[in-house]
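Heads up: the protein sequence lines correspond to chains A and B, in order.
This note's numbering puts the first residue of the first sequence at 1, with every later residue one more than the last.
This note's numbering puts the first residue of the second sequence at 1, with every later residue one more than the last.
It should be emphasised that the hints constitute simulated quantities derived from the structure, not laboratory data.
Quick reminder that beta carbons are idealized off the backbone N, C-alpha and C, glycines included.
Treat each hint with caution, since some may be false.
As the list claims (entries may be wrong) - So the derived list for chain B, only partly shown, Cβ under 7 Å to chain A, looks like this:
#1 Phe-5
#2 Phe-7
#3 Ala-9
#4 Phe-43
#5 Val-63
#6 Thr-64
#7 Trp-91
#8 Ala-97
#9 Ser-109
#10 Ala-110
#11 Pro-122
#12 Gln-124
#13 Ala-159
What the hints assert, rightly or not - Derived, one-sided and incomplete: chain B residues facing chain A with beta-carbon distance under 10 Å:
#14 Ala-48
#15 Tyr-59
#16 Phe-69
#17 Ile-71
#18 Asn-87
#19 Gln-89
#20 Ala-126
#21 Ser-150
#22 Val-163
#23 Arg-166
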Amino acid sequence: MPQQVQQFLHALVAAPPLNGYLVVGAFLFAIGAWGALIRRNAVVIFMCVELMINGVNLTLVAFADYLPNAGGLGVSYAVLVIAIAAAEIAVGLAIVLAVFRSRRTVNVDEVTSMRG
Amino acid sequence: MTVAFAFLAGMTLVSALGVVLSRSVVHSALFMSGSFLGISGFFVMLNAPALAAFQVLIYVGAVTVVILFGIMFTQRPQVRRYRTIINRQFWAGFLVAAGVGAFLAYVLSAEDWGGTKPGNGPRQVAAFGRDLLGVSQGAEVFTLLFEVASVLLLVAVVAAIVVSRRKMGQGIDRGVRE
Numbered sequence: 001m002p003q004q005v006q007q008f009l010h011a012l013v014a015a016p017p018l019n020g021y022l023v024v025g026a027f028l029f030a031i032g033a034w035g036a037l038i039r040r041n042a043v044v045i046f047m048c049v050e051l052m053i054n055g056v057n058l059t060l061v062a063f064a065d066y067l068p069n070a071g072g073l074g075v076s077y078a079v080l081v082i083a084i085a086a087a088e089i090a091v092g093l094a095i096v097l098a099v100f101r102s103r104r105t106v107n108v109d110e111v112t113s114m115r116g
Numbered sequence: 001m002t003v004a005f006a007f008l009a010g011m012t013l014v015s016a017l018g019v020v021l022s023r024s025v026v027h028s029a030l031f032m033s034g035s036f037l038g039i040s041g042f043f044v045m046l047n048a049p050a051l052a053a054f055q056v057l058i059y060v061g062a063v064t065v066v067i068l069f070g071i072m073f074t075q076r077p078q079v080r081r082y083r084t085i086i087n088r089q090f091w092a093g094f095l096v097a098a099g100v101g102a103f104l105a106y107v108l109s110a111e112d113w114g115g116t117k118p119g120n121g122p123r124q125v126a127a128f129g130r131d132l133l134g135v136s137q138g139a140e141v142f143t144l145l146f147e148v149a150s151v152l153l154l155v156a157v158v159a160a161i162v163v164s165r166r167k168m169g170q171g172i173d174r175g176v177r178e
C-alpha cells in the first residue's frame, strides 16, 4: 500500500482536533443568532435560542473531553444548562400562549405594548 | 472518526439553517430536532454517552413535542412568503451573525489550548453521576447547583401553569364552563 494512502487512512480514523468541535459550536451559535434576529414568529425565535444553547453545550463538552485539567466537569455543567433551557422553554411557551390568547398573534413585530 | 465528524457537522449546521430559513413553522421544528440529534452524536464522540441519552430524551423528545404543541395552539393558516415570516433585517442580521460566527471561530481556533488530547471525559456513567452530585474531588459546587436546579424546575412548572392559565371570561372560550 502506498505511503499516501496509508496516511490518508490514518487521518480518516484519527480523532478530530478540538478546534473542529469549537468551530462547529461557534457556527451553530451564529446561525441561531441570525434566526433570532430575523424571524418574526415568537416560537421560531425560541427554537433559534435553543440552537444557540446547544452550540454552547457542544463547546462545554468538547472542552471537558479535550482539556486534561477540566476534570470532565463540563459534562455536568451541560446537564445543568439542559435543565435550565427546559425551564426556559416551558415558561416562554406559556408566555407565548398568554400573548396569543389576548392578542391573537405571535408575531413579535405586532406585540408592542411595552415599547417606551 | 473524521467521517463521522464531517457527517454530524453537516447534519447539525444544515438543519440549523433549515430552522432559520424554512417557510413552514412545523418544518422548522422538525429541522430543529435533526440538529439536536446531530449534537447528541457529537456527545457520543466526545465520551459523554449519558449526556447523549439526556439530549435525545429531553431535546429530541420533550422540547420538540412541547414546541409542536405551542405551534398547534398558536398558528393560523397564513401566506407563507418570505416577506411575511422574515423582517426587514435579513441581510443586516446575516452580516451581524456572520461576523459573530467568524470572530468566535477565529478566536477559538487561534487560541493555543495547550496539550489537548481526547479521552478525559467521564465515560463511566458512575463517575459522571458522582460529578453531577458533587461527591467526587473538585466538584463540590455541584451539590449546590443540583439543588438550585431542582428548585428552579419546580418554580418553572408552577410559573408555566400560572402564566398560561385561562382567566375567567377572557380570551377564547370554547364553551367550557369554569
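- request: Kindly indicate which numbered hints from before are broken by the structure, ordering the numbers from low to high.
  value: As far as the earlier hints go, 2, 6, 7, 10, 12 and 20 are violated by this structure, in ascending order.
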